[in-house]
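Residue numbers (the numbering used here), protein chains in the order written: chain A, 27 to 342; chain B, 27 to 342.
Just so you know, these hints were derived from the structure itself, not from any lab.
Treat the numbers as computed from the prediction; the structure is a model and nothing was measured.
Any given hint could be a false lead.
It does not matter which identical chain is used: a pair holds within one copy or between any two.
[Said to hold, decoys possible] Dumping the calculated SDA-like pairs for lysine to any residue here, alpha-carbon to alpha-carbon at most 25 Å: (1) 209 to 317; (2) 242 to 120; (3) 317 to 90; (4) 320 to 134; (5) 320 to 105; (6) 76 to 294; (7) 317 to 109; (8) 253 to 264; (9) 253 to 105.
Protein chains: 2
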Amino acid sequence: MSENIYVGVDLGGTAIKVGICNSEGHLLHTFEGPTGTSDGVDTVIDNIAKYVRQIVAESPYEWDQLVGVGAGVAGFTNIREGIIVLAPNIGFRDVPIRAILEDRLNKPVKIDNDANVAALGEAWSGAGRGIENCVCYTLGTGVGGGIIINGKIYQGFSGLAGELGHISVVPDLEAIQCGCGKKGCLETVSSATGIIRMANDAVARGDRTSLSTVEKIAAKEVFDAAKEGDEVAIRIVNRAAYYIGKSMAAVAAVLNPEVFIVGGGVSKAGEFLFEEIRRVYAQFTPEPLQKDVKIVAAQLGNDAGIVGAAGLLLRS
Amino acid sequence: MSENIYVGVDLGGTAIKVGICNSEGHLLHTFEGPTGTSDGVDTVIDNIAKYVRQIVAESPYEWDQLVGVGAGVAGFTNIREGIIVLAPNIGFRDVPIRAILEDRLNKPVKIDNDANVAALGEAWSGAGRGIENCVCYTLGTGVGGGIIINGKIYQGFSGLAGELGHISVVPDLEAIQCGCGKKGCLETVSSATGIIRMANDAVARGDRTSLSTVEKIAAKEVFDAAKEGDEVAIRIVNRAAYYIGKSMAAVAAVLNPEVFIVGGGVSKAGEFLFEEIRRVYAQFTPEPLQKDVKIVAAQLGNDAGIVGAAGLLLRS
């Protein structure tokens, strides 16, 4: 009996990661090679096709067992047409990548953006395994999100569902400008960027904190300081957690998901971040919407993108 | 050729409204009779069955053309099992109404709560006709909601999706207690109850307003005063609109619906309510999520419940 396999591609600015999954979403093999962004779009596409052929050739599986290829990319994608509309970190603009890769590989290809693909990865074989409806937060440089409904990525009217970083949650008087042009977005306080900004502000205004001795503050330093009891750092992490919890309360009233999955670099802050998120979620969410609903850490780490991309063939 | 018909039942505390729809959601006939709540559960169920048989008998359609019966009820429903868990205004608790009615009528029966059913009615043949993904607000005594995804009511994990009245939107310092036990819910400011409370508060503290001469303020008086330029009334209506618009911005970032439909008594305030909702929505929603998204008034009025109930047979 020959098992079906699925290849997922995580298309990043410096590296292309590819992986083989089986139909249960288990990641069987991975491979990573340079993107070749500086050599232009054609080279990047050549590299994707090459790495896909290579990982299958070097695996115990036959090319015939490959059902198709999914790719996740940071940027705007037109999923229906299979076009990368704009992906600044790989220099793609209006590239009909699906058609090109299908032609090269002679296999079905699907694409989606990185946040959706990571959400699908977690839902398929990570923290959301077996769950039909979940909402994933990715707390990184920005705050991304993905909505999984009936096991599939929910796109919305114009493919923008799950823009959780742009839920406006900070009260007007405390709201600062977001990259999206609006004020008070979750991303302004709960992303790594937001946490670093709050830390730099605290140091600049002379708050007493161990962070004032750090030359270039990263989010990790803020978490470490908070874990060591630094009150300023604790206040900053709690503020980030507060607005995540508050935004989840809003999401719960709209979608009533079974599980919230939180991944990305900021989620590495660990249990004390999650405790505060859960406390605030409970504070703002009516009891029936809390019952049996879980807020959990993502499980796949950096592999979520590859697994979810492979899952596009089965779950979109 | 014999056309299929669907009967919808709007099960209220004083009246049961029934209607016949065709498969396009056009309401062809309606009938209304007393609920008989004071005579107990059995009588209420007898009445439903009687009115359904009666409206079909008095119509030009045959019983054989009836595909099934849907019912909407204000209260908690277990949709999967077809049970009315708790509906205080008709005195139902744990009534397996689907099984009972299917037995009496020998037709498939489906049930759902009133907010979901009204949303489906508007989506099927009202303001959302032809739209796959929309979100409906019902601004009445409370604030209800319904989420339509791919043309169907979205229930969520425990059947509580679309509890839009319990999105926490009022900043903590201004937040008051909601009936759900939490603070700052949309319902506390944007329901008729919230508007009346704000008006009574304004009168009690001596604000200069024509409302101070009204003996018992209803929401309509506040709208009328606002239309006549009463500044206190305008402030109250704008506050109600502000939080609806702000909650819609959050919903948009999560679900990216094509249309927001606003119905219920408060929506009768008309265009100046909608203008403020749209202004605030634009203020807090990133441009791409605004593009081609509409915020419109419901079209079916009180018939939304009957039409949506009939639609349960096709759209759930």
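Okay, the hints, checked on the actual structure:
1. 209 to 317: For residue 209 and residue 317, the Cα distance is within 25 Å only across copies (18 Å; inside one copy 32 Å).
2. 242 to 120: neither (37 Å within a copy, 61 Å between copies)
3. 317 to 90: Classified as neither: same-chain Cα gap 46 Å, cross-chain 43 Å, threshold 25 Å.
4. 320 to 134: neither (35 Å within a copy, 35 Å between copies)
5. 320 to 105: Between. Shortest inter-copy distance 23 Å satisfies the 25 Å Cα cut-off; intra-copy 30 Å does not.
6. 76 to 294: neither (34 Å within a copy, 62 Å between copies)
7. 317 to 109: So residue 317 and residue 109 pass the 25 Å test across copies only (20 Å; inside, 41 Å).
8. 253 to 264: Answer is within: at 12 Å inside a copy they meet the 25 Å cutoff, but 44 Å across does not.
9. 253 to 105: For residue 253 and residue 105, the Cα distance exceeds 25 Å both inside one copy (42 Å) and across copies (46 Å).
Checked against the numbered hints given earlier, this structure breaks hints 2, 3, 4, 6, 9; the rest are met.
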